[in-house]
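> Read off the chains here:
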Amino acid sequence: DAGVTQSPTHLIKTRGQHVTLRCSPISGHKSVSWYQQVLGQGPQFIFQYYEKEERGRGNFPDRFSARQFPNYSSELNVNALLLGDSALYLCASSLGLALYNEQFFGPGTRLTVL
Amino acid sequence: DQQVKQNSPSLSVQEGRISILNCDYTNSMFDYFLWYKKYPAEGPTFLISISSIKDKNEDGRFTVFLNKSAKHLSLHIVPSQPGDSAVYFCAARHGGGADGLTFGKGTHLIIQP
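Sequences listed follow chains A and B, in order. Using the working numbering, you'd call the opening residue of the first sequence number 1 and step up by one each time. Using the working numbering, you'd call the opening residue of the second sequence number 1 and step up by one each time.
One chain only, chain A, in its complex shape:
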C-alpha cells in the first residue's frame, strides 16, 4: 500500500514567484497537514485540512494557502516567494482530526528560493 506521496521532490524558484506543492494521502485518510522544516529546525505546522475544510492554521502569513480536493489530495500554495521560504515542506496524512500517532509523513518537497 502506497504511503504519503509528495510532488515535486525538489524545486528551485526565484524571489517573487509563486509555487504549488502537491500531496496525496494514504488511501482512506481524510486529513492532511502541512509543515515547513527550515534547515536545523523541527517541522513547523502550517495547515490542517479535513474533509476539504481548513481545521487548523499555524503562524504563517497570508501568502501561504492550501486546499483539499474531493479525493483528499491537497495543494499548498505560496505566493510572492521570499528567500526565507526555502525549506523542506512536509505533508502528513491521518485518518481523522486527532493529531496523534496515526499521522504519517511523506518524504517532503525541498524548495529553494534564489
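Simulated from the structure, these hints should not be mistaken for laboratory data. Bear in mind that the values here come from a model prediction, so they are computed numbers and not experimental data. Yeah, the Cβ is synthetic: ideal placement off N, Cα and C, and Gly gets one too. Mixed in with the good hints, there may be bad ones.
[Claimed, not checked] Below, a sample of chain B positions facing chain A; criterion: calculated Cβ distance under 7 Å: (1) Gly43; (2) Phe89; (3) Phe103; (4) Lys105.
[Claimed, not checked] Calculated cross-link-like contacts (lysine-lysine; reagent style DSBU-like; alpha-carbon spacing at most 30 Å): (5) B:Lys5 - B:Lys68; (6) B:Lys71 - B:Lys54; (7) B:Lys56 - B:Lys5; (8) A:Lys52 - B:Lys54; (9) B:Lys105 - B:Lys56; (10) A:Lys13 - B:Lys105.
[Said to hold, decoys possible] Far from chain A by the CB rule (all over 10 Å, computed), these chain B residues: (11) Arg61; (12) Asn67; (13) Gln112.
Using the hints, position chain B against chain A.
Using the frame of chain A, we list chain B on its own:
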C-alpha cells in the same frame, strides 16, 4: 519562543548501550507528546507517544518517561542498535487540538559500532 526544546543537537552512544534523548517543554496546555525518528531524505516516522495523564510508556526497546512537574520528557532506547542512528524529534500536541504538532529542533543520535 520555543515551546518544545531539545537542547542536545547530537548524541553519540556505543552499540548495545542505552541512549537517552531529552526534551523540555514550556506550555502546560500540551496534553500529548510524541517522538518521531527521521532518516535523511525521508519524512519523520512515528516512534512512540505518551499522554499527559501517564508517566511512562514502553514499546519494545523504546520507553518514554514524562515528568509533568518538571515539564520534561525523555526517550530511552535500550539496547541501542546501528539502525537507530537518525534524527529524533520530540513533538507535543496542544489540548485545543487545532494548532498541529509543535516540534523541537531534533537530536542527531549516532550509534558507534
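> So which of the earlier hints does this model not fit?
8
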